[in-house]
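The working numbering puts the first residue of the sequence shown at 2, with every later residue one more than the last.
Be aware that one or more of the hints could be misleading.
Claimed, not checked - In silico EDC-like pairs for lysine to aspartate or glutamate, Cα to Cα no more than 20 Å straight-line:
no., residue 1, residue 2
1, K105, D75
2, K261, D240
3, K105, E142
4, K106, D75
5, K30, E43
6, K51, E142
7, K8, E179
8, K5, D28
9, K8, D33
10, K223, E259
11, K110, D82
12, K206, D28
13, K30, D240
14, K5, E255
15, K128, E142
What the hints assert, rightly or not - Simulated restraints on C-beta separations:
no., residue 1, residue 2, range
16, T232, I71, 36 to 42 Å
17, K67, Y122, 32 to 38 Å
18, T232, N184, 33 to 39 Å
Calculated directly from the structure, the hints in this document are not laboratory data. Here the structure is a predicted model, which is why all the values come from computation and not from measurement. Yeah, the Cβ is synthetic: ideal placement off N, Cα and C, and Gly gets one too.
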Amino acid sequence: MKEKQLKGKLHLHSEQGMEGGYLSLIDIKFIDFKVPIHGLQENRKVYDSKYGLRNGITSNPEMLLKGSWIPLRDPMLDDPDYRISSLWLGEERGDFEADKRLMKKYRFKLFYTEDKANQTYGVGNWKFTKPYSEIQLNSGEIIMMGGTPESSPSRPYSIPTSDLVRVTVEWSDGTIEEKRLSNSLYIESWSYEGLHRLNEDDFIKVLEPSSEEIICQGIVNKIPLRIFSQTLEGHFNQDTLNWRNFFRQGYIAEVIREIKTTTNNG
């Protein structure tokens with residue numbers, strides 16, 4: 002038998018639409034670091050150089066809009082009042098006092114079903130047949146109104162994807178950097194050509210990130226690891242939780258794989 006040696010990042014791989022996933026390795030030769038072309042969102046792992054020497058996690062993404070940096074995520078979404086407001090629950094279940102607090106705090110106005118009906122059909126020309134959601138015109142026509150107020154300006158807002166944002170980065174060395182532009186950061190990208198599913202008899206050596214000393218090793222089916230699982234936890238057991246961290250954090254590893262050859266006695 003011949004041996005094939007691979008070096009790369011441990012990876013939990015699942016395809017879109019596939020139930021479950023495979024323990025895999027991404028060959029380091031097919032990993033690259035590129036400037037993001039579609040901005041950045043929260044909780045994205047980034048690097049401060051194309052060599053991937055220092056990494057961090059992003060938060061507070063903002064986009065430049067009409068001369069001002071605006072949070073990509075409407076902060077109102079995280080306001081406790083929003084979850085009890087009529088914007089979230091509808092007019093029948095929503096808290097109108099919460100609506101008032103939100104309008105004052107975020108400077109917008111709500112237009113309820115009654116406001117919309119009066120504006121469209123005229124005061125006195127309709128009546129509710131279902132609270133907040135259905136009206137009947139004087140002509141007898143039934144109109145569905147939805148039951149959720151409209152806001153002006155629109156809240157919660159959504160901002161189209163931009164190629165340039167700024168973010169806060171919490172670096173792996175513990176430092177926090179604010180207002181870092183996305184075009185000065187790098188994200189990891191890799192090619193499917195370098196993706197290898199692990200085999201039961203593969204021998205894995207997990208390497209310490211900075212020194213590349215071996216910190217854990219073993220044969221897949223004897224560690225034991227379950228190559229395919231429908232859940233993340235299904236790959237591991239109580240004795241292999243350290244391996245779960247190696248895969249989730251993308252540790253560098255070496256894999257030694259036996260290649261079976263056949264002899265032609267022809």
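Taking the hints in turn, this is what the structure says about them:
Straight-line distance between C-alpha atoms of K105 and D75 comes to about 16 Å, which keeps the hinted pair within the 20 Å bound. Only pairs whose Cα atoms come within 20 Å are accepted, and K261 paired with D240 is rejected, the gap being roughly 31 Å. With a C-alpha separation of about 36 Å, the suggested pairing of K105 with E142 is violated against the 20 Å cut-off. About 13 Å separates the Cα atoms of K106 and D75, which keeps this hinted pair within 20 Å; it holds.
For the proposed pair K30 and E43, the alpha carbon gap of about 28 Å is over 20 Å, so the pair is violated. A threshold of 20 Å between alpha carbons decides the hint, and for K51 with E142 the separation of about 65 Å lies outside it, so the pair is violated. As the CA atoms of K8 and E179 are separated by approximately 35 Å, the hinted pair breaks the 20 Å bound. Distance check on the hinted pair: K5 and D28 sit about 12 Å apart at the alpha-carbon level, within 20 Å; holds.
For a cut-off of 20 Å, the pair hint linking K8 to D33 stands: about 14 Å separates their Cα positions. Restraint check for K223 and E259: the C-alpha separation of about 16 Å stays at or below 20 Å, so the hint holds. Restraint check for K110 and D82: satisfied, since their Cα atoms lie roughly 15 Å apart, inside the 20 Å limit. With a C-alpha separation of about 14 Å, the suggested pair K206 and D28 falls inside the 20 Å cut-off, and the hint holds.
Between K30 and D240, the direct Cα distance comes to roughly 32 Å. Violation of the 20 Å bound is thereby established for this hinted pair. Our distance criterion of 20 Å between C-alpha atoms is met by K5 and E255, whose separation comes to about 10 Å. Proposed proximity of K128 and E142 is supported: the alpha carbons are some 11 Å apart, at most 20 Å. In this structure, T232 and I71 meet the distance hint of 36 to 42 Å, their C-beta atoms being roughly 38 Å apart.
Checked against the given bound of 32 to 38 Å, the beta carbons of K67 and Y122, roughly 36 Å apart, stay inside it. The beta-carbon spacing between T232 and N184, approximately 38 Å, falls within the hinted interval of 33 to 39 Å.
The structure is inconsistent with the numbered hints 2, 3, 5, 6, 7, 13, although it conforms to all the rest.
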